[in-house]
Amino acid sequence: MTEPSGGDERIALVLQGIDKRYGATQALRSASLRVRAGTVHALLGENGAGKSTLMRIAYGMERPDAGAIAVHGAKVRLNSPANAIALGIGMVHQHFTLVPVMTVAENVALGGHGMLDLSRTISELHELSARTGFSLDPEVQVERLSVAAQQRVEIAKALMRRARLLVLDEPTAVLPPSESTELLRWLRSFADQGNAVVLITHKLGEALSIADDVTVLRRGRTVLVVAGKDATAAALTDAMLGAASAGEQVGKTPATDRVESRASSRIPVFRAEQATLADTSGMVRVRDASFVIGAGEIVGVAGVEGGGQRELLRALAGRLPVVTGVLERPDMVGFVPEDRHRDAVLLDRPLVENVALRGAGTRRGLIEWNTIGARTESLMRTFDVRAPGPRAPIRTLSGGNQQKLVLARELDADDMTSTAAIVVENPTRGLDVRATAEVHARLRAARDAGAAVVLYSSDIDEVLLLASRVLVVYAGTVREAPIDRDVVGRLMLGAETHAER
Amino acid sequence: MPNAERRVDRMSAAMREAYRELAVVAAVVVAIGGAAALLLLAMGFPIAGGLTALWTGSFGSWYVFTSASLVRAVPLMLTGAAVALAFRGGVLNIGGEGQLLVGAAAAAAVALAMPSATVTVPLVIAAALLAAALGGALWASVAAYLRARYGVLEVISTIMLNFVALHLVSYLVRGPLQEPTHVYPQSATIVDALHLPRLPGAGRLHSGFVVALTVAVAAGWMLRRTAAGFRLVAAGENPAAATSAGGIDVRVTTARVFLLSGALAGLAGGVEVLGVTFALYENISPGYGYTAIAVALLARLDPWRVVATAVLFGALEAGAGAMQRDAGVPSTLVSVIEAALILAVVATQSFRSRRQRPDVGEHVQPVDA
Numbered sequence: 000m001t002e003p004s005g006g007d008e009r010i011a012l013v014l015q016g017i018d019k020r021y022g023a024t025q026a027l028r029s030a031s032l033r034v035r036a037g038t039v040h041a042l043l044g045e046n047g048a049g050k051s052t053l054m055r056i057a058y059g060m061e062r063p064d065a066g067a068i069a070v071h072g073a074k075v076r077l078n079s080p081a082n083a084i085a086l087g088i089g090m091v092h093q094h095f096t097l098v099p100v101m102t103v104a105e106n107v108a109l110g111g112h113g114m115l116d117l118s119r120t121i122s123e124l125h126e127l128s129a130r131t132g133f134s135l136d137p138e139v140q141v142e143r144l145s146v147a148a149q150q151r152v153e154i155a156k157a158l159m160r161r162a163r164l165l166v167l168d169e170p171t172a173v174l175p176p177s178e179s180t181e182l183l184r185w186l187r188s189f190a191d192q193g194n195a196v197v198l199i200t201h202k203l204g205e206a207l208s209i210a211d212d213v214t215v216l217r218r219g220r221t222v223l224v225v226a227g228k229d230a231t232a233a234a235l236t237d238a239m240l241g242a243a244s245a246g247e248q249v250g251k252t253p254a255t256d257r258v259e260s261r262a263s264s265r266i267p268v269f270r271a272e273q274a275t276l277a278d279t280s281g282m283v284r285v286r287d288a289s290f291v292i293g294a295g296e297i298v299g300v301a302g303v304e305g306g307g308q309r310e311l312l313r314a315l316a317g318r319l320p321v322v323t324g325v326l327e328r329p330d331m332v333g334f335v336p337e338d339r340h341r342d343a344v345l346l347d348r349p350l351v352e353n354v355a356l357r358g359a360g361t362r363r364g365l366i367e368w369n370t371i372g373a374r375t376e377s378l379m380r381t382f383d384v385r386a387p388g389p390r391a392p393i394r395t396l397s398g399g400n401q402q403k404l405v406l407a408r409e410l411d412a413d414d415m416t417s418t419a420a421i422v423v424e425n426p427t428r429g430l431d432v433r434a435t436a437e438v439h440a441r442l443r444a445a446r447d448a449g450a451a452v453v454l455y456s457s458d459i460d461e462v463l464l465l466a467s468r469v470l471v472v473y474a475g476t477v478r479e480a481p482i483d484r485d486v487v488g489r490l491m492l493g494a495e496t497h498a499e500r
Numbered sequence: 000m001p002n003a004e005r006r007v008d009r010m011s012a013a014m015r016e017a018y019r020e021l022a023v024v025a026a027v028v029v030a031i032g033g034a035a036a037l038l039l040l041a042m043g044f045p046i047a048g049g050l051t052a053l054w055t056g057s058f059g060s061w062y063v064f065t066s067a068s069l070v071r072a073v074p075l076m077l078t079g080a081a082v083a084l085a086f087r088g089g090v091l092n093i094g095g096e097g098q099l100l101v102g103a104a105a106a107a108a109v110a111l112a113m114p115s116a117t118v119t120v121p122l123v124i125a126a127a128l129l130a131a132a133l134g135g136a137l138w139a140s141v142a143a144y145l146r147a148r149y150g151v152l153e154v155i156s157t158i159m160l161n162f163v164a165l166h167l168v169s170y171l172v173r174g175p176l177q178e179p180t181h182v183y184p185q186s187a188t189i190v191d192a193l194h195l196p197r198l199p200g201a202g203r204l205h206s207g208f209v210v211a212l213t214v215a216v217a218a219g220w221m222l223r224r225t226a227a228g229f230r231l232v233a234a235g236e237n238p239a240a241a242t243s244a245g246g247i248d249v250r251v252t253t254a255r256v257f258l259l260s261g262a263l264a265g266l267a268g269g270v271e272v273l274g275v276t277f278a279l280y281e282n283i284s285p286g287y288g289y290t291a292i293a294v295a296l297l298a299r300l301d302p303w304r305v306v307a308t309a310v311l312f313g314a315l316e317a318g319a320g321a322m323q324r325d326a327g328v329p330s331t332l333v334s335v336i337e338a339a340l341i342l343a344v345v346a347t348q349s350f351r352s353r354r355q356r357p358d359v360g361e362h363v364q365p366v367d368a
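Chains as they are written, first to last, in numbering that gives the first Met the number 0: chain A, 0 to 500; chain B, 0 to 368.
It should be emphasised that the hints constitute simulated quantities derived from the structure, not laboratory data. Backbone N, C-alpha and C fix where the C-beta goes; we use that ideal spot for every residue, glycine too. Heads up, a few of these hints could be off.
Unchecked claim - Rough simulated footprint, nothing fancy, chain B against chain A, three-plus residues with beta-carbon under 8 Å:
| no. | segment |
| --- | --- |
| 1 | 346 to 353 |
| 2 | 360 to 369 |
Claimed, not checked - Derived Cβ-Cβ restraints for the label pairs, each shown as a range:
| no. | chain 1 | residue 1 | chain 2 | residue 2 | range |
| --- | --- | --- | --- | --- | --- |
| 3 | B | Ser334 | A | Ser134 | 53 to 61 Å |
| 4 | B | Thr213 | A | Pro387 | 54 to 62 Å |
| 5 | B | Leu152 | A | Gly111 | 48 to 56 Å |
| 6 | A | Ala444 | B | Arg148 | 44 to 52 Å |
| 7 | A | Ala444 | B | Val251 | 12 to 20 Å |
| 8 | A | Glu142 | B | Arg19 | 37 to 45 Å |
Please construct the entire structure, taking both the sequences and the accompanying hints into account.
So this is what it looks like as C-alpha cells:
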C-alpha cells in the first residue's frame with residue numbers, strides 16, 4: 000500500500016507499522032497512515048477500531064510498541080505532545096481543554112512560553128481571523144461561547160503554534176448540522192493552503208463529501224486506503240464492518256435462542272411517540288423518536304458517540320425529561336449507567352447503604368437497616384457478589400462485583416413484576432470475561448422473568464449477542480433494525496441499507 | 000454456615016473498628032502530652048508546673064470539670080454537631096461563628112423584649128432559643144441561597160458572613176440593644192428568671208448542656224436511622240449518584256442541611272446568652288464557631304463522637320485559662336496543641352485510608368476470586 004517513510008516533504012505525516020497493546024488488548028496491529036500535504040484525510044472506523052489511539056500516537060501522547068513515524072519527510076520520535084507541536088502537529092480533542100473563565104486570548108496564550116504578552120496575542124488572533132476567515136473575538140470569555148466557537152478556539156490554539164497538520168477527533172459530533180458544514184468548509188480551505196487535516200470520524204457522509212483520501216481501520220489494522228473520489232459508501236462500510244455483507248455471521252448465539260416475536264404482541268412497557276430529547280445544555284439530541292419496547296425482551300441500542308443514545312437511555316430511565324412528544328414508561332425504571340463510580344454508587348459507603356440508595360429520594364421516616372441488610376445479603380447471594388460482607392465499603396470490591404451489586408439493586412430481583420424495566424449502559428465496561436458472562440446471564444434471566452431490558456453498548460457485538468432487535472440512533476434519528484451486523488452497522492454510520500424497512 | 004460467617008464478619012468488623020478508635024485515642028493522647036511538653040520546654044516554662052495547671056484547670060475537680068470544662072463544651076457540642084452535619088452533607092459551612100453570633104443576638108433581643116411577668120417563663124426561654132435557631136438558619140440561608148442560585152463557594156461566603164455578623168452585633172450593642180445608660184457597648188442584663196436553670200450538683204453548669212447533648216444525640220440518630228439523614232449522607236458523598244441512582248433532589252437536600260447547620264450554631268449562641276453571659280456583647284464567643292470545625296473533624300464528622308471531642312476541647316480551653324493564671328503560660332499554647340491534635344488525627348486517618356484503598360484499576364482487574 001504505502002512505501003516505507005521516504006524523504007518526501009509533500010507527505011505531511013507517515014505512520015508505519017504501528018503496534019500498540021494495552022494490557023490484554025491489542026489496540027493497533029501494524030497500523031499505517033499516510034497523509035499528503037494539501038489534503039483532508041478521513042480516518043474511519045468503528046468504536047474501538049483504534050482511530051483515537053493511532054492519532055494519540057501521532058500527537059506524542061502515547062508511545063507505540065513498534066513502528067515508525069515521519070513528519071514532513073523526516074523520521075521522528077515523539078515523546079510528548081510538545082515534540083509534536085514543535086513539528087507543526089495540532090490536535091483538537093473531542094473534549095475541549097479550555098479554561099472557561101478565561102478569555103479566548105488568555106486560553107490561547109496559556110500554551111506559550113516566556114513572557115505573557117496578551118495584547119500581542121490579541122493582535123495575532125485578529126490577524127489570524129483575517130487571514131483564515133475564522134470568526135473569533137479574542138476578548139470574550141470562553142464560557143460564554145457556543146460549542147462551535149469553543150472548538151474554533153481549540154483550532155486557533157493549534158494554529159497559533161503554527162500547526163500545519165491538524166488532527167480533529169470527531170469534531171462534528173458536538174456540532175449542530177449548520178456548524179458542521181461551516182467547519183468542514185473551513186478545513187477544506189485550510190488544506191488548500193498546503194496544510195493537512197486528519198479527520199477522525201465515523202460518519203460516512205462526512206468522509207465522502209470532504210476527504211481527498213480515506214483510511215479505514217478495523218480492529219487495529221489498516222484495512223483500506225482509498226482516494227475520496229473513488230470511495231463508495233458500500234466499500235467503506237464493508238471495510239469498517241468486515242465482510243459482513245459477504246456472509247460473515249455473528250454466530251455467537253444460535254438463532255433458536257432468540258424468541259422472534261413482534262413487539263406489538265407483547266405488553267408494551269416503554270412507548271415513545273414523536274419524542275424529542277435534549278441534553279442538559281438544551282441542545283436537541285433525539286428528534287421525533289417513535290418505538291415500543293415490550294415486556295420480556297432485550298432491545299439493543301446502538302449508535303456512535305454523540306449520536307443521541309446517551310439522552311435516549313436517560314429519558315427511558317426517567318433521568319431526563321422529554322422536550323416534546325410522548326414517552327410512556329414505568330414509574331420505577333432500573334438504570335445502570337456506564338460510569339458507575341460517578342453515577343451509581345457511594346464508593347466509601349457500605350454495600351447496605353448502596354442498596355438503600357435506590358428510592359432514597361422518596362423514602363420517608365426511618366430506614367429499616369435490618370431489613371435492607373437482609374435484602375443486601377439476599378441480593379449478594381442471588382447475584383454471587385463476592386464481598387467481605389454487607390457492611391464493607393463498596394470500594395473494597397472488584398469492578399465486576401460492584402457492577403453485579405448495582406445490577407442486583409436496579410433489577411430489584413426480589414419483587415420482579417411483569418412490568419419491571421431496566422436500562423443498562425455499557426454494563427460490562429472494564430469487567431473481565433467471567434464477570435461479563437455473569438452480567439449477560441443476569442440480563443437474560445431478567446428478560447425471561449418478564450422484564451423489559453434496554454441495553455446500550457459501544458461494543459456492537461455485545462448488543463447483537465443479547466438483543467432481539469436494535470434501535471439505532473444516528474444524528475438524532477432513531478430507527479429500528481433487526482439483529483444483523485451489517486444492517487445495524489450501516490445505520491450507525493448513517494448509510495442507507497437495502498434491508499431497511 | 001452463612002450465620003457463622005456473618006458473625007465472624009461482624010466480629011472482625013467490630014475489632015477493626017475498635018482498633019481504629021484506639022489508634023485515634025492514642026494519637027490524641029500522644030499529641031496533647033507531647034505537644035504540650037515540647038512547647039513548654041521550648042518556651043522555657045517548667046513542664047511539670049504547666050501540665051499540672053492544665054490538668055487541675057480542666058479535670059482537677061468535679062467543680063472545675065463541670066463549671067469550667069463542661070460549660071465551655073456546651074457551645075462546642077452544638078456548633079460541632081452543626082459543622083459535622085454540614086460537612087457530611089457536602090456543605091463546607093465555616094460560618095458557625097457568625098451563625099452563633101446572630102443566634103445570640105436574636106435570643107437576647109427576645110429575652111429582653113418580653114417582660115417575664117406577662118408570660119410564663121419557660122415559654123419565653125423557648126421563644127428565645129427558637130429565635131436563636133431561626134437567626135442562625137437565616138444567617139446560613141444567605142450563603143445557602145448564594146450557593147444554590149449562583150454557585151458561590153460557601154467556604155468563602157460563610158467566612159465573610161462571620162465578619163458581617165460580628166459587625167452586626169457590634170452595631171446592636173451600641174444601638175438598638177444597648178443597655179439603658181448608653182455607656183457600655185453591651186445589652187442590658189437579662190432578668191434572672193430567664194436564665195437557663197443550673198443543673199443540680201454541677202456547679203455553674205446550666206441546662207443548656209442537656210439541650211446540647213440532646214441535639215448531638217438526635218443529629219447522630221438522624222444520620223444513622225432516618226431517610227432524611229441518609230439522603231444527606233448520600234448527597235454529600237456523591238451528588239451525581241445521589242441524583243441518578245437515588246432520585247434525591249440534591250439541591251433541596253443541600254439547602255436543608257445548610258439551614259439545619261445554621262440553626263444548630265444559632266442555638267449555641269442562644270444557649271450561651273441565656274446560660275452563661277446573660278447579656279449580648281461583642282466578645283461573647285471566643286471563636287467557638289471556628290473551634291467547632293476542629294471538634295467535628297476530630298469526631299470524624301459523627302455527632303455522637305462530637306459529644307466527646309467537645310468535652311475534650313472544652314477541657315483544653317478551660318485548662319488553658321488555668322495554665323495562664325497559675326503557671327503564667329500563655330493560653331495560645333493550647334491553640335497550638337489543638338492544631339497539633341488535628342494534624343495528628345488527620346494523619347492517622349489518611350494513613351488508614353491509604354492502606355484501605357485497593358490499588359486495582361478498573362481495566363486491569365484480576366479475575367474475581
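Broken hints, by number | Failing hints, ascending: 4, 5, 7.
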